[in-house]
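**Q** Going line by line, the protein sequences match chains A and B.
For the first sequence, our numbering assigns the number 103 to the initial residue and increments by one for each residue that follows.
For the second sequence, our numbering assigns the number 360 to the initial residue and increments by one for each residue that follows.
No lab work stands behind these hints, which were simulated from the structure alone.
The C-beta atom is built at its ideal place from N, Cα and C for all residues, glycine as well.
Take these hints with a grain of salt, some might be off.
[Unchecked claim] Partial list, computed: chain A residues near chain B (C-beta under 10 angstroms):
#1 Ser177
#2 Leu247
#3 Gln253
[To be verified] Okay, derived cross-link-like pairs now, BS3-like style, lysine-lysine, Cα gap no bigger than 27 angstroms in a straight line:
#4 A:Lys276 / A:Lys287
#5 A:Lys229 / B:Lys443
#6 B:Lys413 / A:Lys229
#7 A:Lys194 / A:Lys287
#8 A:Lys194 / B:Lys413
#9 B:Lys501 / B:Lys454
#10 A:Lys236 / B:Lys413
#11 A:Lys229 / B:Lys451
#12 A:Lys160 / A:Lys194
#13 B:Lys501 / B:Lys529
#14 A:Lys276 / A:Lys182
#15 A:Lys160 / A:Lys182
#16 A:Lys229 / A:Lys160
#17 A:Lys160 / A:Lys236
#18 A:Lys276 / A:Lys229
#19 B:Lys454 / A:Lys229
#20 A:Lys287 / A:Lys160
#21 A:Lys160 / A:Lys276
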Amino acid sequence: MMEGIETDTKTAESNRAPDSIRPRWGRTIAWLSVAALLAILFFGLLRTQQGPIGVGQKAPDFTFTSFDGNTYSLSELGGKVVLVNFWASWCKPCEQEAGDLELAWRAYQTRGDVVFLGLAWTDTERKSLEYLEKFDITYPNGPDLGTRISQTYRTTGVPETYIIDRNGILRSVKLSPFLSLDEIKASIDPLLNE
Amino acid sequence: MAVDSPFLPSRSKKTRLSSVIYLILMLVLFSSTVYAQELTPNVPTDNEVNAIAKQLYCPVCENTPLDVCPTQACSEWRELIREKLASGWDEKQIKAYFVDQFGDRVLATPPARGINWLVYIIPPLAFIFGGIILFRAFRTWKKPTDMGDKNLAQPSSDEYVNQLEEELRKL
Chain A
103 MMEGIETDTK TAESNRAPDS IRPRWGRTIA WLSVAALLAI LFFGLLRTQQ GPIGVGQKAP
163 DFTFTSFDGN TYSLSELGGK VVLVNFWASW CKPCEQEAGD LELAWRAYQT RGDVVFLGLA
223 WTDTERKSLE YLEKFDITYP NGPDLGTRIS QTYRTTGVPE TYIIDRNGIL RSVKLSPFLS
283 LDEIKASIDP LLNE
Chain B
360 MAVDSPFLPS RSKKTRLSSV IYLILMLVLF SSTVYAQELT PNVPTDNEVN AIAKQLYCPV
420 CENTPLDVCP TQACSEWREL IREKLASGWD EKQIKAYFVD QFGDRVLATP PARGINWLVY
480 IIPPLAFIFG GIILFRAFRT WKKPTDMGDK NLAQPSSDEY VNQLEEELRK L
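Could you build the full structure based on these sequences and the hints that come with them?
**A** This is how it looks when you write it as structure tokens:
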């Protein structure tokens, strides 16, 4: 009887695969999950640390509807120098450059090969319109709905200005307000002669 | 003896006059109250505004709920909530409007779609896996038996180990 039991135990032991070759699914899944989580964290951090898009890169395309109902698309403005300004009505530094931007726009408007676009960032429509009226801004302005465009351009705040050449290449980024009309012109004029 | 004069009102005339004045006053008061109620719009209270504001976050001041954020941008957003409430919008409509205007990231509770699902899946999964690991670990723990202790006390059959222990005892 005892002999029979011993034989059964031996058979069971011999049937069981050694620990080294048995698949350890639980452990594999756990490690894979940890690796996936770390990868997500890594790419998330990488994205937040990237900063604005680099000068010399193709400017990301975007479309927006201005407060007066017209739709503008960057891809349809090929062959023109485009200035994209992110602003907000609650932003005091934005007020510093608002007048100069409008003056610059009026200086270039008649040429036809320069376009200014203003994007109100996390702003309420009523306050945005009040701001545009206060500074008598006439170039197209509209809300950055869902903050989609600012996220595409990886803006870090307001005001920020992106100047794109005739070929759609980002040529300069200004992460603070322009201090004078001359400074704005100095960023645009070289691109007009290319 | 009192004499009724045509220039002096009698008691009944006095009573009638005061009743008329009282009636006129009441009418004026009542009509002005109704008029004021008609003119005063349904202004939402701060509590009603904050009940929605605390579920929203402004992208400008991250990690600060809108109801306690002191910046001008947040103040304007709260005013916008008040305007929408006064216009008869409900909480769901207002939150949808903010998402449309400023994106998903304004919501304190991210919507369960896309990569946001991870927020809802990872914590419970981590708890479950942690529980399994702990359960398995506890099962492998063994209580030391008397037999085991006796075995430890017995001299080893290995000559080298015996010698080593003997040397250690001398120290």
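**Q** Are the hints correct? Go through all of them and say.
**A** Against the structure, the hints:
{"no.": "1", "hint": "Ser177", "in the structure": "violated (22 angstroms)"}
{"no.": "2", "hint": "Leu247", "in the structure": "holds (6 angstroms)"}
{"no.": "3", "hint": "Gln253", "in the structure": "holds (7 angstroms)"}
{"no.": "4", "hint": "A:Lys276 / A:Lys287", "in the structure": "holds (13 angstroms)"}
{"no.": "5", "hint": "A:Lys229 / B:Lys443", "in the structure": "holds (15 angstroms)"}
{"no.": "6", "hint": "B:Lys413 / A:Lys229", "in the structure": "holds (22 angstroms)"}
{"no.": "7", "hint": "A:Lys194 / A:Lys287", "in the structure": "holds (22 angstroms)"}
{"no.": "8", "hint": "A:Lys194 / B:Lys413", "in the structure": "holds (26 angstroms)"}
{"no.": "9", "hint": "B:Lys501 / B:Lys454", "in the structure": "violated (56 angstroms)"}
{"no.": "10", "hint": "A:Lys236 / B:Lys413", "in the structure": "violated (32 angstroms)"}
{"no.": "11", "hint": "A:Lys229 / B:Lys451", "in the structure": "holds (23 angstroms)"}
{"no.": "12", "hint": "A:Lys160 / A:Lys194", "in the structure": "violated (30 angstroms)"}
{"no.": "13", "hint": "B:Lys501 / B:Lys529", "in the structure": "violated (33 angstroms)"}
{"no.": "14", "hint": "A:Lys276 / A:Lys182", "in the structure": "holds (19 angstroms)"}
{"no.": "15", "hint": "A:Lys160 / A:Lys182", "in the structure": "holds (14 angstroms)"}
{"no.": "16", "hint": "A:Lys229 / A:Lys160", "in the structure": "violated (32 angstroms)"}
{"no.": "17", "hint": "A:Lys160 / A:Lys236", "in the structure": "violated (34 angstroms)"}
{"no.": "18", "hint": "A:Lys276 / A:Lys229", "in the structure": "holds (24 angstroms)"}
{"no.": "19", "hint": "B:Lys454 / A:Lys229", "in the structure": "holds (19 angstroms)"}
{"no.": "20", "hint": "A:Lys287 / A:Lys160", "in the structure": "holds (22 angstroms)"}
{"no.": "21", "hint": "A:Lys160 / A:Lys276", "in the structure": "holds (17 angstroms)"}
When held up to the earlier numbered hints, the structure conflicts with 1, 9, 10, 12, 13, 16 and 17 and fits the remainder.
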